[in-house]
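I would like the entire structure built from these sequences, with the hints used as guidance.
Each chain, written out:
There are 2 protein chains.
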Amino acid sequence: MSTRNVPEVAKQSKTDVFIIGAGPAGLMAAWWMARCGINARIIDKRGTKVINGHADGLRPRTDELFASMGGGIQEKIEAESYMFENLKNWVRGPDGKLTRIHTQLLCRNYVDDLPSPFLPTTISQGRIERFIIDGIDEISQGKFQVERGVMADTFTYDASLENDPNGYPIELTLRTLSDSEANPKPAPGAFGGRDVVAKGNMPRDELTHPTAPKEAPGTVEVVKARYLIGCDGGHSWLRRQLDYKTEGSTTDSVWGTMDIIPMTDFPDIFFPGFIKTDLGTLMIIPRERNLTRIYVPFSDEANGERFDRSSITLENIVAKAKKFFAPYTLDFKVCEWWTVYQVGQRVSESNQHPGNRIFLAGDAVHMHSPKVGLGMNTSMQDGYNVGWKIAMVAAGAIRDENAFLSTYAGERYPVAKQLVKFDRTLFGDHGKVDPENFRKNHVEFRDFSDGFKLEYPESVLVSQSTSKQTAATGLTVGESFKHHRVLAHATSQLCWTTKLFQSDGRFRIVLMAGDVSEPDQMARVKKLCDQLESEKKDASGKETSLLHNRYPYRFTFGQHPTQDKTLSTGQHPSITFLHEKPRTSMISLLAIHSAVKSTESLTVFDFPAALYGPFDAGYHGYDYTRILVDEAVHYDRYCDGRAYDRWGIDRTRGAVVVVRPDMHVGWVGDLEDSDALVSYFATILK
Amino acid sequence: MSTRNVPEVAKQSKTDVFIIGAGPAGLMAAWWMARCGINARIIDKRGTKVINGHADGLRPRTDELFASMGGGIQEKIEAESYMFENLKNWVRGPDGKLTRIHTQLLCRNYVDDLPSPFLPTTISQGRIERFIIDGIDEISQGKFQVERGVMADTFTYDASLENDPNGYPIELTLRTLSDSEANPKPAPGAFGGRDVVAKGNMPRDELTHPTAPKEAPGTVEVVKARYLIGCDGGHSWLRRQLDYKTEGSTTDSVWGTMDIIPMTDFPDIFFPGFIKTDLGTLMIIPRERNLTRIYVPFSDEANGERFDRSSITLENIVAKAKKFFAPYTLDFKVCEWWTVYQVGQRVSESNQHPGNRIFLAGDAVHMHSPKVGLGMNTSMQDGYNVGWKIAMVAAGAIRDENAFLSTYAGERYPVAKQLVKFDRTLFGDHGKVDPENFRKNHVEFRDFSDGFKLEYPESVLVSQSTSKQTAATGLTVGESFKHHRVLAHATSQLCWTTKLFQSDGRFRIVLMAGDVSEPDQMARVKKLCDQLESEKKDASGKETSLLHNRYPYRFTFGQHPTQDKTLSTGQHPSITFLHEKPRTSMISLLAIHSAVKSTESLTVFDFPAALYGPFDAGYHGYDYTRILVDEAVHYDRYCDGRAYDRWGIDRTRGAVVVVRPDMHVGWVGDLEDSDALVSYFATILK
Ligand SMILES: Cc1cc2nc3c(=O)[nH]c(=O)nc-3n(C[C@H](O)[C@H](O)[C@H](O)COP(=O)(O)OP(=O)(O)OC[C@H]3O[C@@H](n4cnc5c(N)ncnc54)[C@H](O)[C@@H]3O)c2cc1C
Ligand SMILES: Cc1cc2nc3c(=O)[nH]c(=O)nc-3n(C[C@H](O)[C@H](O)[C@H](O)COP(=O)(O)OP(=O)(O)OC[C@H]3O[C@@H](n4cnc5c(N)ncnc54)[C@H](O)[C@@H]3O)c2cc1C
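Taken in order, these protein sequences are the chains called A and B.
Residue numbers for the first sequence follow the UniProt record's numbering, beginning at 1 and rising by one.
Residue numbers for the second sequence follow the UniProt record's numbering, beginning at 1 and rising by one.
If you are wondering where the hints come from, they were derived from the structure by calculation, not from laboratory data.
Hints are supplied without guarantee of correctness; some may be wrong.
One copy or any two copies: either way a pair holds, since identical chains are not told apart in the list.
[What the hints assert, rightly or not] Derived lysine-lysine pairs resembling DSS-like cross-links, with alpha carbons at most 27 Å apart:
{"no.": "1", "residue 1": "597", "residue 2": "440"}
{"no.": "2", "residue 1": "526", "residue 2": "537"}
{"no.": "3", "residue 1": "597", "residue 2": "482"}
{"no.": "4", "residue 1": "421", "residue 2": "14"}
{"no.": "5", "residue 1": "581", "residue 2": "88"}
{"no.": "6", "residue 1": "542", "residue 2": "597"}
{"no.": "7", "residue 1": "536", "residue 2": "453"}
{"no.": "8", "residue 1": "143", "residue 2": "224"}
{"no.": "9", "residue 1": "421", "residue 2": "320"}
{"no.": "10", "residue 1": "333", "residue 2": "214"}
{"no.": "11", "residue 1": "322", "residue 2": "526"}
All values reported here derive from a predicted model rather than from experimental measurement.
Written out as structure tokens, the structure is:
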């Protein structure tokens with residue numbers, strides 16, 4: 001940890017949560033701070049967000065997070081992104097001819113099954129960052145913004161304050177950079193003298209985005225923080241401050257990458273693909289806005305020696321790519337971005353400081369080949385995971401903060417290791433690619449890479465030990481919820497469960513109510529609801545109801561102090577956005593039953609009051625939206641009445657499922673298991 | 001026509017197209033002007049757009065127009081709107097009990113058939129206007145905006161200039177209103193003394209919207225125009241200037257309407273519904289943002305006499321509604337909007353001046369009961385229809401301007417008459433509603449009200465006489481195209497045909513290429529393409545090709561003079577938004593073939609060059625996006641390979657379909673009917 005060297009006059013400040021780095025990981029963590037109204041800051045040494053290039057593959061699981069975050073983030077991304085399917089394998093035979101030998105289906109079957117509401121797609125990292133930034137801007141009403149051109153310079157940590165709830169064990173000095181420091185010039189000749197630049201192909205709104213006002217260059221500030229998240233990328237400055245080693249190695253695999261609008265007579269330029277020749281294997285990734293990304297291998301030219309990648313220009317990449325494509329032509333007038341990189345496959349020795357005050361997320365933890373298409377996704381999932389957990393703790397909602405926060409490392413560190421292992425298997429120890437090998441491993445690692453099998457271990461948040469997994473065999477405790485489309489019992493509205501599980505920090509008790517048209521089953525449902533609503537002595541001896549007042553809602557969404565913007569129009573100060581129903585508890589109950597056609601015979605008021613009450617005397621009256629049904633409708637092909645089957649739940653007897661704020665399954669049981677359910681929450685919340 | 005009374009010093013100006021009224025009709029017409037870069041203006045006497053209340057039912061056909069317009073308009077609407085299904089009928093029996101007697105399915109079957117890519121929904125008119133306004137702002141880069149608080153005051157018409165292509169036969173004086181004139185105060189006690197106002201429930205971005213800067217109140221301007229569109233609503237000022245009578249009558253049916261967040265124990269408050277009692281029939285329309293609209297009948301209280309509706313307050317409406325709902329409770333704290341209206345059922349004697357320079361659209365032509373849910377939809381469809389036609393003429397693209405423009409009256413006037421007839425049938429001559437009658441007529445008029453059977457008659461644009469309707473029995477010449485989801489042959493991308501038929505003023509030749517895996521069929525496809533590409537003598541004796549250069553593209557989308565905004569970032573002046581492929585011809589050719597699994601055996605380059613060429617040496621090279629296939633895919637349930645069946649096209653032999661810029665079918669024939677196809681365009685374009 002570095003020594004301090006700060007002018008006496010430096011500005012002093014405090015914040016609860018400090019985030020270094022506003023890439024995909026940092027932005028997701030920051031979104032949670034904005035969402036929960038946490039006192040937080042985020043800096044990035046660069047003067048702008050990523051505008052073009054970098055990552056581009058988006059996985060369905062990440063899209064599910066965006067859908068849950070709301071604010072149109074998922075919809076905006078979907079509208080611009082490119083469906084990623086039908087990998088084409090080409091080889092140059094002994095006769096020198098280039099032939100397509102095989103087409104590989106990448107995508108699971110969405111007709112007979114339903115892997116996710118969303119498809120795997122490609123879209124520029126810059127656009128994704130853009131939409132998250134806009135989302136943060138909207139929910140914070142413009143008050144929470146990335147401080148750009150600001151660098152974290154020194155770091156000290158006072159371990160003695162670690163367990164002091166009022167302590168600020170972290171101290172950083174920040175330095176505002178000059179414009180030239182914050183915006184390094186691209187390499188000379190970046191576009192090979194071509195008369196085009198990248199910006200010409202940008203979406204119209206891409207070139208401006210919300211950014212905090214900047215201090216004068218050279219301004220130094222000393223900031224104290226309770227929690228620190230290092231999302232500062234593969235060369236993580238914070239990782240070095242913490243002296244965490246990285247395990248793994250830099251391979252001798254060097255790649256040139258370019259995002260071009262291709263001009264070619266190669267027929268498969270807009271499909272994902274490989275071209276394997278004696279020069280190695282080239283990779284094609286089609287994209288939105290008529291772009292195609294081409295990965296050109298350079299390692300073999302190094303003949304095993306260490307290779308000076310800074311000598312490679314765009315012209316070299318193009319020249320080599322042309323050799324792969326011959327006899328087809330390849331040219332372009334527009335190159336939106338290009339780079340040369342050497343594949344490293346490394347994992348940080350840890351992603352969390354033992355005191356549970358400092359965390360690393362994203363590339364700061366795991367470095368690997370960009371071509372695996374998981375760097376950005378895993379980084380965002382890291383940021384999302386650590387973000388909601390720190391927000392919960394910062395809001396004072398958590399009983400055992402150390403046990404709770406250490407689930408970050410518990411859940412995400414094995415993912416980091418698995419990711420790098422996957423990368424090594426897919427691309428070999430040398431970071432090279434072999435199409436046959438790719439095909440085999442794509443299938444073998446698919447459950448992991450699609451985010452279906454992450455294997456979050458037992459913890460305060462994942463209670464396999466108190467669960468009855470047999471009640472819902474398709475919803476594995478620890479894994480992400482399997483989303484389906486369901487019908488709202490009292491409104492005809494359809495929604496994906498991603499939308500039911502809004503990212504608002506609440507846990508959901510999903511009462512899979514089974515066949516409520518059977519009086520016996522409805523009696524079981526009522527009994528459970530009674531137990532959840534009934535007032536019982538909590539740890540402090542107070543009589544409280546699990547559902548309503550034992551764990552009051554801690555966040556201020558809808559009453560965020562920054563929402564005064566809307567007050568200028570003269571309405572009553574307490575009225576903002578009434579279409580948001582009030583949240584009063586950290587636990588929300590909703591039911592998904594299986595009684596097909598019962599919307600005629602049963603109204604919401606035939607269900608227990610816990611499912612439509614309490615009556616909100618403020619504005620909303622009863623809530624008609626929390627009873628849903630797994631039933632096929634004639635106006636939608638995805639709402640097909642097959643959710644219970646996928647979830648492995650008995651259609652008559654149902655089950656109970658706890659969905660965590662990040663949509664992972666925390667607990668599963670029968671309708672009679674209310675004691676275990678109550679304990680699940682008692683262990684976590686205070 | 002009124003006499004002039006204008007200060008000598010008034011500002012003088014000229015414009016090609018002038019639009020009075022920025023409601024749904026005027027905004028749609030204005031969108032076309034912005035889209036095509038036409039010199040145009042739009043005024044509205046009101047100081048703001050509609051913010052709450054007014055119309056709320058959106059039909060799938062209108063959504064299809066939004067999808068074709070692009071810019072995210074459709075997506076934004078869909079994200080906020082409320083699915084409209086399961087009409088519940090309640091009656092009070094002789095015993096005084098209120099019982100649900102019947103549920104009526106409103107929605108067609110989207111599982112076995114595919115009526116549209118979109119569902120019927122409800123959403124506030126204000127939001128729809130908002131998204132169109134944003135769309136206009138975006139495509140005009142902020143340069144084309146509604147001039148608000150400006151009123152058209154006098155009108156003169158010089159018929160002698162009617163046929164002068166350089167003439168401005170129309171002269172208007174405009175007057176800028178004061179803020180109090182432009183923003184009339186709502187009726188006193190509008191919210192019944194309740195401590196809430198409507199704005200509290202608005203979406204966050206609703207209260208600001210782009211508006212042109214305003215002149216000083218009292219400013220008078222004399223403006224000359226070539227074309228004038230009156231979209232000035234039911235009390236149309238322009239209609240009165242033109243001395244057009246209205247046929248029909250004001251009924252004695254008086255309704256009170258309120259948009260509330262209901263607090264009730266009535267179980268079906270979020271379904272569409274009727275409550276029939278001895279007080280008449282009350283109507284329930286559920287909506288987005290937890291709102292429900294309630295229509296309360298008042299006519300019976302008038303006892304046949306003319307009724308002073310200005311005496312009815314919100315309190316009266318609530319009191320009467322409570323009687324309908326008893327024994328259920330009905331209350332609210334939030335009323336977003338309320339009004340009282342008397343149903344008129346009238347049609348203007350004409351919607352088009354014989355000189356083809358002046359047009360009426362929307363409520364200015366047809367007035368009827370709001371409850372039929374077609375006022376706003378028909379108005380938008382009017383505005384869209386007249387908008388593209390005037391844009392085409394103003395851009396100089398049209399051969400016989402009179403014949404072309406008179407198709408507006410030819411197509412839309414019968415729709416206006418049919419609409420009012422439908423309204424009379426549905427709600428009776430007295431504008432009252434009977435649920436049984438509603439049910440019967442809903443089904444009988446369904447094809448009309450859903451926009452499937454509009455029966456646009458034979459004209460320069462609708463050529464039944466030269467068509468061979470048997471080639472595509474499901475795509476009726478004159479009706480709107482039946483949209484389906486199709487697969488792009490060379491990219492894996494899926495799209496609705498709405499997206500293929502972008503509203504850019506182009507006609508599409510849709511070559512339903514049939515089974516191109518059969519060499520004979522591919523030969524037929526090639527032959528047709530050759531004929532369309534080949535250079536032939538046109539009317540002026542020049543050798544031109546129908547497809548490429550006979551009818552050059554007239555609009556400046558992508559090179560709109562207002563796009564200099566993007567140039568500030570320093571890119572090459574000719575490069576803006578390269579993801580838009582260049583449009584060079586008023587006619588675009590695309591193919592949808594039926595050869596399932598042929599994406600492996602056929603590449604784009606196995607098709608005739610007309611389907612992937614010409615090579616764009618500018619930036620894009622070949623076009624890989626214009627060959628599509630009607631094939632089921634494993635990653636989408638709507639792309640089901642059943643389009644040909646719905647279109648009534650032989651899967652082997654295919655057909656040729658001309659889709660007009662407004663997505664109506666203009667012509668249908670066989671692959672051998674190229675002569676008729678060529679003449680279709682020769683009649684329209686120059
Ligand atoms: C040039 C490049 C090309 C890539 N190409 C691909 C690809 O083709 N496919 C793919 O899947 N992935 C690719 N990646 C990886 C992918 O972008 C990452 O996995 C993803 O961005 C990781 O997100 P992150 O938030 O962890 O880190 P980053 O996106 O790297 O963000 C880290 C941020 O921290 C800031 N920062 C660092 N140190 C400090 C400091 N001391 N003070 C203040 N700010 C600091 C940086 O400016 C940066 O904005 C690429 C990354 C890079 C850099
Ligand atoms: C109070 C009210 C309630 C309604 N409720 C419903 C409903 O519940 N359901 C339903 O389906 N439909 C309803 N409608 C009808 C629906 O709103 C109309 O069918 C639709 O708005 C018609 O669109 P339009 O563009 O033709 O006319 P309008 O929306 O009426 O727009 C006309 C515009 O022209 C402007 N204007 C008029 N004269 C001049 C002038 N001389 N100079 C400048 N500007 C001028 C007006 O300010 C107005 O903005 C309602 C309409 C109103 C007014």
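Verification of the supplied hints:
no.	hint	in the structure
1	597 with 440	between (45 Å within a copy, 24 Å between copies)
2	526 with 537	within (21 Å within a copy, 82 Å between copies)
3	597 with 482	within (24 Å within a copy, 31 Å between copies)
4	421 with 14	neither (40 Å within a copy, 70 Å between copies)
5	581 with 88	between (49 Å within a copy, 25 Å between copies)
6	542 with 597	neither (42 Å within a copy, 67 Å between copies)
7	536 with 453	neither (37 Å within a copy, 63 Å between copies)
8	143 with 224	within (20 Å within a copy, 48 Å between copies)
9	421 with 320	neither (30 Å within a copy, 70 Å between copies)
10	333 with 214	neither (36 Å within a copy, 44 Å between copies)
11	322 with 526	neither (70 Å within a copy, 31 Å between copies)
Figure legend: structure checked against the earlier numbered hints; hints not met, in rising order: 4, 6, 7, 9, 10, 11.
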